[in-house]
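Let the sequences and hints guide you as you build the complete structure.
Going line by line, the protein sequences match chains B and L. FYI, this note's numbering numbers position 117 of the first sequence as 117, with every residue one higher than the one before it. FYI, this note's numbering numbers position 225 of the second sequence as 1225, with every residue one higher than the one before it.
Keep in mind that the hints are not guaranteed to be accurate.
[To be verified] Pairs of lysine-lysine residues, derived as DSS-like cross-links and limited to a Cα-Cα distance of at most 30 Å, are as follows:
id	chain 1	residue 1	chain 2	residue 2
1	L	Lys1237	B	Lys303
2	B	Lys178	L	Lys1115
3	B	Lys145	L	Lys1237
4	B	Lys50	B	Lys63
5	B	Lys263	L	Lys1115
6	L	Lys1277	B	Lys47
7	L	Lys1115	B	Lys50
8	B	Lys357	B	Lys331
9	B	Lys66	B	Lys303
10	B	Lys357	B	Lys117
11	B	Lys68	L	Lys1237
12	B	Lys178	B	Lys156
13	B	Lys80	L	Lys1237
14	L	Lys1115	B	Lys55
15	B	Lys263	B	Lys50
16	B	Lys68	B	Lys344
17	B	Lys157	B	Lys344
[What the hints assert, rightly or not] Anything over 12 Å on all C-beta distances counts as not near chain B; from chain L, calculated:
id	residue
18	Ala1002
19	Ser1010
20	Val1014
21	Leu1081
22	Ile1099
23	Ile1105
24	Gln1110
25	Ile1111
26	Pro1130
27	Ile1152
28	Leu1156
29	Thr1159
30	Ile1182
31	Ala1254
32	Leu1274
[What the hints assert, rightly or not] Here are some of the chain L residues that sit facing chain B, going by a computed Cβ distance under 10 Å:
id	residue
33	Pro1128
34	Leu1222
35	Lys1223
36	Ser1259
No lab work stands behind these hints, which were simulated from the structure alone. Please read all numbers here as calculations on a predicted model, not as lab measurements. Don't be surprised by glycine CBs; every beta carbon is placed ideally from N, CA and C.
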Amino acid sequence: MSNPFKTLALAGVATLALSASALAEIKLGATISETGPASFLGDPEAKTLKLLVEKINAAGGIKGEKIKLFLYDDGGDPNKARTFATRLVEEDGVVAIIGGTTTGTTMAVMPVAGENKIPFISLAGAIEIIDPVQPFVFKTPHTDKMACEKIFEDIKKRGLSKVGMLSGTDGFGASMRKQCLAVAPAWGMTIVADETYGPKDTDMTPQLTTIRGKEGVQAIVTPGFGQGPAIVTRNYNQLSMTIPLYQSHGVASNSFIQLAGAKESEGVRIPGTALLVADLLAADDPQKKVVTEYKALFEGATKTPVSTFGGYAHDAFAIFVDAAKRSKSFKAVDLRDAIEGTSKLVGTTGTVTMSAKDHIGLDLSSFRMLEIRNGGWTLVK
Amino acid sequence: MADFMQFALSGVTVGAVYALIALGFTIIYNASDVVNFAQGEFVMLGGMGTVFAHQAGLPLPLAALLAIALTAMIGIIFNRLAIETARNAPVVSLIIITIGASIFIQGVVQIVFGKQIYRLPSFSGDTPIPLFGANILPQSLWVIAGAIIVFIALWLFFTRTMTGRAVLATSNNRLAAQLVGINTNFMMTLSFGVSAAIGALAGVLVSPITLTSYQVGVPLALKGFAAAMLGGMGNPKGALVGGILLGLLESFTAGYLSSHYKDAVAFIVILVLLSVKPQGLFGTKTVNRV
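Shown next as structure tokens:
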């Protein structure tokens, strides 16, 4: 009889070899809102994932394994997102899930990921996703709270402090409004007006008139996404208002300038990602290479301009690939540990360093304060 | 005072949008008692059609005309394929068919034109016009003028023309209308064509203000429907007054009470009014003779 340890080791190697040949490909799941109210987020996200999977497979995959992408369209419906997440885990047998375009769909997928111990990288904004930290849940976008802080930091730099808020009542706007109200005192901000508008409203001049009438108001902050912020910007011009206007990262894309109009959006400031201003970045900027490459890939294949949202999907996929390369195996639990160990990974949104306590891994420096000038973006120094 | 004027102008602007859409409901309702929930899609088609025709290089007026004509065609096809084939179904079934058509049209537009939000350039620039200390955009004047012109045209049509009366007769009693020599099928085709055209015209006029996308129709149609109910379904005067009233209610609530309760207050007022006057402000009581 030979050494029992040797047999065990051999058996182990055999199992590994077996499982490796059985898993001829890495199964990656995604549930994205390609259609529905959040489609302008989900559409570039889905396109990005498909492009990147194609690209990495053409280059030989990860450690010789090809990635197989299981992509479902949940239409922004949390119930569907949950059903698809369950299908991804139980039928498709994926080792990780990317997606949850909106906070609502993300919240629906989180318990499925947690129960089945499958790492889940969300593409949604709200801070509740990673605070408190759940072992299997990660996310790539900046949080609403960071956007508020970035805006307040800039307002403070201008020597102003009295802020009027005009928030959308959609999930994004409502969540960011809450965060802004919460962090305002820490940045020395006084909220002198707190107005809202419905996501389908077509005129916000009454709210702006009310804000304008508040004693000493010095700046306007407008959390929201979709058409609302563009209409707010147009109404702001209609009322000939001049105090600084801040929009949120929810509308940080070129289509915002088109919708609001170049003349109307002149001087509007938005916290955005490096991706939007790829051309303006200094040559030695750490993000320059990543954002330029992604921009070229996406715009070359889709003939549409890149958006921050596609960038979130890019980063989620980059985190997954980076983790898979470092991971002991392609098993879900090992991948989870590897994702948590992500360090100094440069993405389109920022440089990501995760830890057991931080499942987003970004800081304020990754937000760039942008200002719209002559229908284009400029970096605020 | 300047604030009051600004709220009023905002209310009238938004109200005119609602009124234009509410007016689109009246013809089909008058011809068939059907509330056409695809009316919002006609508005969307008008806006989206103009955006794409304009992008393709047509001058704006021509693009708008083309979009309106195409939408009218779609209205007629919709009637021919979906409504006429189910002619003997109860009104409720027909209304549900219009909801189905609405979802279908949205789906097709989403695939053909994509999911982006678009804006039409304003017809007369974006320089605000000062008015008693408040500002109004030139495009708002276009919308208000459009609502008034469509209202007058519809009012004349229903009260002064034989065809208009024939449409009303078709709705009142289809068989009797046929017996006196009215081509009821043609009246239905006409009503869908004209309704779709009015919807599309509304879409063209409001798109510079409200922006447009494949899913802009439903929320606009719901507000237009609420306005039509408030004023009295089927009555052009009701649509106009109901729309403006709803717009004013919303903007004054947002201005003086709180923007958080804007929609709630507007709808509570509508509910209270309808419980007192179920036919709306200008609606006529339907009397069934036995």
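Check: Which of the numbered hints are not met once you compare them with the structure shown?
Finding: Going through the list in order, the structure violates hints 1, 3, 6, 11, 13, 15, 18, 19, 20, 24, 25, 26, 31 and respects the others.
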